[in-house]
Each structure stands twice: as C-alpha cells, then as structure tokens.
Amino acid sequence: MSSEIPFIKFTAHAGFPSPAEDFLEPGLNLNEYLIQNSAATFCVKVKGDSMVGSKITTGDILIVDRSLNPKNQNIILAILNGNFIVKKLLISNNDFYLLSDNKYAKQIKINPEMEFYVWGVVTYVIHKLTK
Amino acid sequence: MIALLDCNNFYASCERVFRPDLIKKPIIVLSNNDGCVIARSDEVKKMGIKMGSPVFKIRDLIIENDIFVFSSNFALYGDISRRIMKILQNTVFDLEIYSIDEAFIDFMYKTDIEYESLNLVSKIMQWTGIPVSIGISTTKTLAKIANHFAKKTSRNNILFLDNEKIINFYIKKIDIKDVWGIGHRYGRFLYGKGIYTAYDLTKKNDKWILDNMSIIGLKTVYELRGIKCFELQTSESPKKNIRNSRTFSRDTNDYNKIKKAISSFASKAAEKLRAQKSVASTISLFINTNKYKSTNQNCKLTGKVNLKFSTNDTSVIISEALKILDEIYIPGFFYKQAGIIISDFSVVNQNQLGLFEDVSKKIKRDKLMTSLDYINSIIGNKSIKLASEEFENDWRVNQSNLSPAYTTRWKEILSVNI
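Read top to bottom, the protein sequences are chains A and B. The numbers in this note's numbering rise by one with no breaks, and the one at position 18 of the first sequence is 18. Add 1000 to a position in the second sequence, counting from 1, and you land on the number used in this note's numbering.
It is possible that some hints are incorrect.
Unchecked claim - Taking lysine-lysine and the BS3-like style, the derived pairs with C-alpha atoms no more than 27 Å apart in a straight line are:
1. B:LYS1123 with A:LYS88
2. A:LYS55 with B:LYS1268
3. B:LYS1086 with A:LYS71
Stated by the list, open to error - Computed far set for chain A versus chain B, every beta-carbon distance over 10 Å:
4. GLY15
5. LEU77
6. LYS103
7. GLN107
8. ILE108
9. LYS109
Claimed, not checked - Footprint (simulated), chain B over chain A, 3 or more residues, beta carbon under 8 Å:
10. 37-46
11. 59-73
Simulated from the structure, these hints should not be mistaken for lab results. Note that beta-carbon positions come from the ideal geometry of N, C-alpha and C, so glycine has one too.
Only chain A is shown next, with the shape it has when bound in the complex:
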C-alpha cells in the first residue's frame, strides 16, 4: 500500500517567505496508523451483522494482518470448509471455538474433520458514520 505525502513548496515571488518552510512535515498518514506490516496486510469488506457485538457491521472494511499469530479473543478472518468467515476465536484447554457476536450467537467447536485455518487477524475496523 502506498501513501501520498503532501508537499507544498512555498515560493515567495514577492513578500515574505514562510517561516514554516524549514519545519514542514509530511501530513498524518493513515497507513502508518492502521498498518503495522504492509507486506502481510489486506483489506476486506464485510456483509452481514453476525459480528455486530464486536462493532462490525455491513459495509465496514476490516484491516487484516496475516503475520499475527491468532490469540484467544482475537477477531479472525478464517476459512471453514472452503468458505470465508469472520468470528471471534476462543481457545480453552487446547480446544478452538468460533463465536459469532450478536444476540443469536452460535458457537462452533472446531473438530479435526473440519477443514479450518486462520487467514488473518482483524486489527482494525473502518466504519463510516455519515451517509
């Protein structure tokens, strides 16, 4: 992911040069804030409200970092039997559970017959507030 660094050149044709010229810094860079490891980070859009309790709703964009090893209570993007899912991961006594996060929450226990692996760990949610 690239970022654009704004650059303003003060050229004083007449009048006074800007006293800020020597102190000019690039603006705030959202990539820097949201992405720790750009080689391993992907953006994913979600549809559906099964994770509303974790503040993830339809239309949101998830920042997913594949370089992080999933930990207990992480929100993960995973593959279960050939399909992408977003769930909360619970680990207890070496058992793995996937949890939806709404009032109809279902819990799935991962068993060896399932084809399951973690695609990446969700690190941020970008949620638009204005319509």
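Go by the hints and put chain B onto chain A.
Same frame as chain A, now just chain B:
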C-alpha cells in the same frame, strides 16, 4: 551459498489466496487475451496439460475435468510479488529480484541456511498465502537446479546441494535443456553431440565448449562445476533492454490498428526508459502471424534501427518505430502479435550530445517529457498521450475470467458474508 527462491505455480497460487473454495481444485491461468496456458496448479500438471498449450486445443480437457480458468490478473500478481520481495528485502542479507516470482538470495553470514530457508518458506506462506520453494548451492546455476528438484522431490520445498556427491547426483538427473542459460536451441545442439545431462556437459573440455557455445556457455559450465561466474545483481541495476509486446484479442489485418498498438508500446517503453533515467539508441520491432492457423503462413517479421542520437523522447521513439513498421509490414496477412524492444542504453547524463544535435530543442523536449510523466503520475496513467496511440484499450477485450484486483482497487477488495 546462493539460494534461488521460486513461487510455486505463482499465478494460480495468487488466485487461490482469495478463493479458498479452490484449494486442491485444478486451476489454469491464461495469457493476455486468454490465448494459452501460462500457469497451472499441481492438479493440472498431473493431467499432462503443458505450459503454453493454446486454450482451443484443451477445451475438452477443461470441461471434462472441471478445471477453473482465470484470465491473467497482473494487478494482483504484481502486488503479491511486491509483498514477497519486500519480505525478502527485510529478511535476507542481499537479493536479486530475477522475475515476478523468483529471486536469488545471498544468506552471507547466516550459519544455518537450511533452517533460515525453512523459516522463510513458512513466513511467506503465512504472510501472503503463497507457497515457495528454495534451492541452495554454491552458484546461481546450481541453485536453479536445486530449486528445480526442490519443487519436484523435496518434502519441505527446500533442497540443499552443498557437496560434490549430492551435486553430481542431481546434475546427472537434470536434462541439459532445463539448465539455466542453455535453453532449447543449445539443448538440441548438445543432444546431437550426445550430451543429455548437465553432468555430461561438465565433462567436456573448456576449448570445446568455448568453440561451440561462446563465453556464456563456458561460464555456465564453470558454474555447474561449482565455480562462481555469475554474481548477484543486487543494486537496482538498470535494465539492459525494455520489451513491450502483446497478443491481439483477434488476429488482425488492419494496418491502423497495428500502428496504434505499436505507438502505445513505444510510448510505454519510452516512459519506462525515462523512469530508469536512460536513453536508448536501438529500436527493434516485430509482428507475427498466427502459427496455429493453417490459412496463414507462419511468419515473424522483424526490423531494427540504430538511432543517430540516443533518446528517451516518446515522439521520437514512436516515429522511428512506425518507420520500421512501414518497412516490414506485408499487407494481406492476419497478425496475431506485435511488439517493440528498445536497447543499447546509456545513462542520461553520460549521454554525449550529438555534434549536430539541436541543443535548445533537446532541452525543451526533455522538459516536455518530464511534465508528461509528472502529469500522468498524478492524475492517473495515460491521461496525456500522443495522438497516434490507441485510445480505447483493445487488448483487454478477451479477459472473460478476470478475477478482482483484490489488493489494489477499493471497489474490488475481497467481500465476505459474515
């Protein structure tokens, strides 16, 4: 020790990262315009479908075996490649990016190279989803061979050729045609001389090799014997030539269409040339007819011009290219492919002014080109172009199975139902 890291079935693997439903399913990726097979998943390789097979010849196989077909999505492959190379840059001592899916690696001071390689394979798999293999040996040529077998026979995708015994074992196994730098032309010649494997070639004496295969051939043989001749080209060394070619969506006998295509290629090549701060003095052109059509004679028309003054000026390169096209074009044929190669580079400021070159005009043109590149870089590629270039992109027509640009366009990012 030099390692060659190569992504396994790279384009097919990229498609699979975003399509978990296709894990273990057969996948092929087609060339621009969906002409022929340029990548195959392991399942497809086992079916005996060859690299480069034209799609129309394997249509039945595709249907019978439920093979998933993708048009080439270079926006995606390029981005995944960039990620992998970035991981390497941050991990290894030194590297040479050799192609979109291959890099030579120098581990230098690392003591346990096999362990480091295993780490690298699993890191790239986790971070990007792409499986890679690593071949390690004492020279680039041997590392290539190690990689060839790492993919085929090794359990963990790593093969380490570090002593004479094991090196001899593998160079006896590899077909001389599959040796880096030999290729099919020399391969056929060497077959005729009774040389079938890399090992056979290492047993020939230097004089015979030099007489029959040039100095590059001799260097290759030294490398097979474990003597380093090809160094890693690590710093972003400028390219020695720039090639731009494409297959038409449909064979064409329309001169204007070919002319527009050549203009666009020339313009793109000139832009790349300026980006690496070089000027070129040779322009070559080729137009090919379709060798799979019986009604057409299979011919490759080529032409070349050496410029009086080296240049990277778009309009000069276009006009010279079109002059060549005029000379080599034969009306009546249907052309399948066209392309341009520019070469004989020198660095911009080392480029001496020609004695009779108009200096003030040259400075003006340089400024114009700089502005052109600048504007195109901020408002999007190809916002400004020369009138002779094509306006609608005729190449992209046949991309019927194109996957989304998952990683580079907001509108096309992966969408998940949760």
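Each hint tested on the structure:
1. B:LYS1123 with A:LYS88: 24 Å, holds
2. A:LYS55 with B:LYS1268: Since the Cα atoms of LYS55 (chain A) and LYS1268 (chain B) sit roughly 46 Å apart, the hinted pair is violated (cutoff 27 Å).
3. B:LYS1086 with A:LYS71: Roughly 26 Å between the alpha carbons, so the hint for LYS1086 (chain B) and LYS71 (chain A) holds.
4. GLY15: 27 Å, holds
5. LEU77: 7 Å, violated
6. LYS103: Nearest chain B Cβ is 15 Å from LYS103 (chain A), so the label holds.
7. GLN107: For GLN107 (chain A), whose nearest Cβ neighbour in chain B is about 15 Å away, the distance exceeds 10 Å, so it holds.
8. ILE108: The claim stands: ILE108 (chain A) keeps its Cβ more than 10 Å from every Cβ of chain B (closest is about 13 Å).
9. LYS109: 19 Å, holds
10. 37-46: As far as the segment 37-46 of chain A goes, the hint holds, because 9 residues have Cβ atoms under 8 Å from chain B.
11. 59-73: holds (count 3)
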